[in-house]
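Q: FYI, in numbering that gives the first Met the number 0 the residues of the sequence shown are 0 to 484.
Treat the hints as calculated values from the structure; they're not laboratory data. A hint or two may mislead.
[Unchecked claim] Pairs of lysine to aspartate or glutamate residues, derived as DMTMM-like cross-links and limited to a Cα-Cα distance of at most 20 Å, are as follows: (1) K304 - D98; (2) K110 - E177; (3) K297 - D245; (4) K193 - E177; (5) K304 - E380; (6) K110 - E124; (7) K105 - D29.
[Said to hold, decoys possible] Using C-beta positions, here's what the derived DEER-type ranges look like: (8) K304 - D136: 38 to 46 Å; (9) P236 - T26: 35 to 43 Å; (10) T45 - T192: 52 to 60 Å; (11) E103 - A362: 33 to 41 Å; (12) N294 - G334: 14 to 22 Å.
All of these numbers come straight from a predicted model, not from anything done at the bench. The beta carbon of each residue, even a glycine, is placed where N, CA and C say it ideally should be.
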Amino acid sequence: MSENLAQTPMNTAGPRSATPRNDLGPTLVDRIKQALPLAQYVSQFTELKPAGKGEMVGKCMQHEDNTASFHVNTEKQVYHCKGCGATGNVITLFGAMNDLAPSEAKITLGKQLGVFKERAIDTGEALLSNAARLYSDQLKRKANALAYLESRGLTHSTMERFGVGFCWGREYMELKPEQQNLAASAGLMRAETKKSWLAGRITFPVRDRSGRVVGFGGRLVPSDDYVAHGPKYMNTPETAYFKKSDLLYGLYESTQGIGRAGCAIVVEGYMDVLIQHQNGVDNTVAVMGAQSSENAFKQLWQVTKHIIFCLDGDTAGEKGALRSVMAAAPTMTDGCMISIATMPVGVDPDEYTLEHGAEAFKALCAQGVPLAKYLMAKRVEEFDLSAAEGRAGLIAAARAIGATFSGAPLVGEQLEEEARAICAAALVEAVLRKIELPQMLDQREVEMAAQMLTRLVPDVPRQSGRERIAQIRRQAIERRTANPR
0 MSENLAQTPM
10 NTAGPRSATP
20 RNDLGPTLVD
30 RIKQALPLAQ
40 YVSQFTELKP
50 AGKGEMVGKC
60 MQHEDNTASF
70 HVNTEKQVYH
80 CKGCGATGNV
90 ITLFGAMNDL
100 APSEAKITLG
110 KQLGVFKERA
120 IDTGEALLSN
130 AARLYSDQLK
140 RKANALAYLE
150 SRGLTHSTME
160 RFGVGFCWGR
170 EYMELKPEQQ
180 NLAASAGLMR
190 AETKKSWLAG
200 RITFPVRDRS
210 GRVVGFGGRL
220 VPSDDYVAHG
230 PKYMNTPETA
240 YFKKSDLLYG
250 LYESTQGIGR
260 AGCAIVVEGY
270 MDVLIQHQNG
280 VDNTVAVMGA
290 QSSENAFKQL
300 WQVTKHIIFC
310 LDGDTAGEKG
320 ALRSVMAAAP
330 TMTDGCMISI
340 ATMPVGVDPD
350 EYTLEHGAEA
360 FKALCAQGVP
370 LAKYLMAKRV
380 EEFDLSAAEG
390 RAGLIAAARA
400 IGATFSGAPL
410 VGEQLEEEAR
420 AICAAALVEA
430 VLRKIELPQM
440 LDQREVEMAA
450 QMLTRLVPDV
460 PRQSGRERIA
470 QIRRQAIERR
480 TANPR
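Let the sequences and hints guide you as you build the complete structure.
A: See below:
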């Protein structure tokens, strides 16, 4: 009998009848507290020092704290900050650090710790979860798939952590008709052939933010004599569970890493995410396919204020990733920041890290160009900046792009400032070339001239970001008052 999901228990009876709590043993909250003591979790973010029996103190990570105002009671497993007034247990703090509602925080943390026991869940969700476990187990018996993954630098520990697996193709053929209908609706089986959707492929479970498996990505095994249906790379189809453009691969696994790093790194492939996490860059996520939607980035902005897009160095990769950058733009709010880091041509992020190390990859990302500067640099070639019309066109383009940042007017201002700076430099260059001055000067004389030019520019004190935002909003109110509809 071929291996399939018929041997895996499924919940088809609906919710169970109520059972007295005493018969169930420890609650989920109890199991979480036992698995992750509060002091252990707090120590990931701040240094704790003993302060008496059963008491530890440190600086609060939820506000600017110059004194040790964060108190942890190790016996009761609760905390209290005398500075900001925050109180709670490890679940409360996990939710606060990851911007999760209490119920979502409990389930998410419980799953991460392996103490969450699903009881009454949707049968489609159960089938997807069971499929992830089955595929993962099948990978152990697919030698060339394992060899390929190992050749890409993956360890077995990373494969297990992310649930990497293999789909043979016959997993659903012996299920009952009603279960096959579920498998088809969950994107696991082709209804017409009863063959698995990702037959012959290495599988990568895709989880939503709460940790539920909602679909899979797949890749053919190189040099495999098995002829599979479809292209080399494939995702499960769009279903009620799986909306590819609304998802970011690895977001569930990266949430804590993003919190620690203070930023999220966005790459393009599953392998890029796996290798980065394996090497300690655990704030890395990947877009699903050619473009992610605004909904995907709304989730990412909930856990960080800084997104670094790591683009491929070639033109095609750059254009594809830039579409995702612009999908993130409308969801930005003031205080958020996007940077663009570009890989060397022909080198993927996973290859770069394996060759140069995690610290080198982090350094490359840290050198990312601010979004306004990057976008304007990409538009420069479209205009003849030696002519007044070309300079006006670039400034108009900056304003048009800035209009997409409705929630972050400060970014629009930065775009226009960058465009004006480019135009000013182009104008000076055009004048200097016209009078052939560059031929008469050396580098030192040019630097001295630049310093003298600054004296001609009015000394306007720079505003802070907060002051600039307030000014923009006042101007908008004044315009609406002066021109009522």
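Q: If a hint holds in the structure, say so; if it does not, say that too.
A: Against the structure, the hints come out as follows:
1. With a CA separation close to 12 Å, the supplied pair K304 and D98 stays within the 20 Å bound.
2. Simply put, K110 and E177 have alpha-carbon atoms about 29 Å apart, too far for the 20 Å limit, and the pair is violated.
3. Between K297 and D245, the direct Cα distance comes to roughly 9 Å. Compliance with the 20 Å bound is thereby established for this hinted pair.
4. Proximity of K193 to E177 is assessed by CA-CA distance (about 12 Å); at most 20 Å being required, the pair is judged to hold.
5. For a cut-off of 20 Å, the pair hint linking K304 to E380 is broken: about 31 Å separates their Cα positions.
6. This hinted pair checks out: K110 and E124 have alpha carbons roughly 15 Å apart, not beyond 20 Å.
7. Between K105 and D29, the direct Cα distance comes to roughly 11 Å. Compliance with the 20 Å bound is thereby established for this hinted pair.
8. Here the CB-CB span from K304 to D136 is close to 40 Å, well matched to the stated 38 to 46 Å.
9. One distance hint, 35 to 43 Å for the beta-carbon pair P236 and T26, holds here, with the actual separation near 38 Å.
10. The supplied range of 52 to 60 Å is met by T45 and T192, whose beta-carbon atoms lie about 56 Å from each other.
11. E103 and A362 have their C-beta atoms about 34 Å apart, which keeps the hinted 33 to 41 Å range intact.
12. Checking the proposed 14 to 22 Å range against N294 and G334 shows it holds: the Cβ atoms sit about 20 Å from each other.
Of the hints listed earlier, those the structure fails to meet are numbers 2, 5, in rising order.
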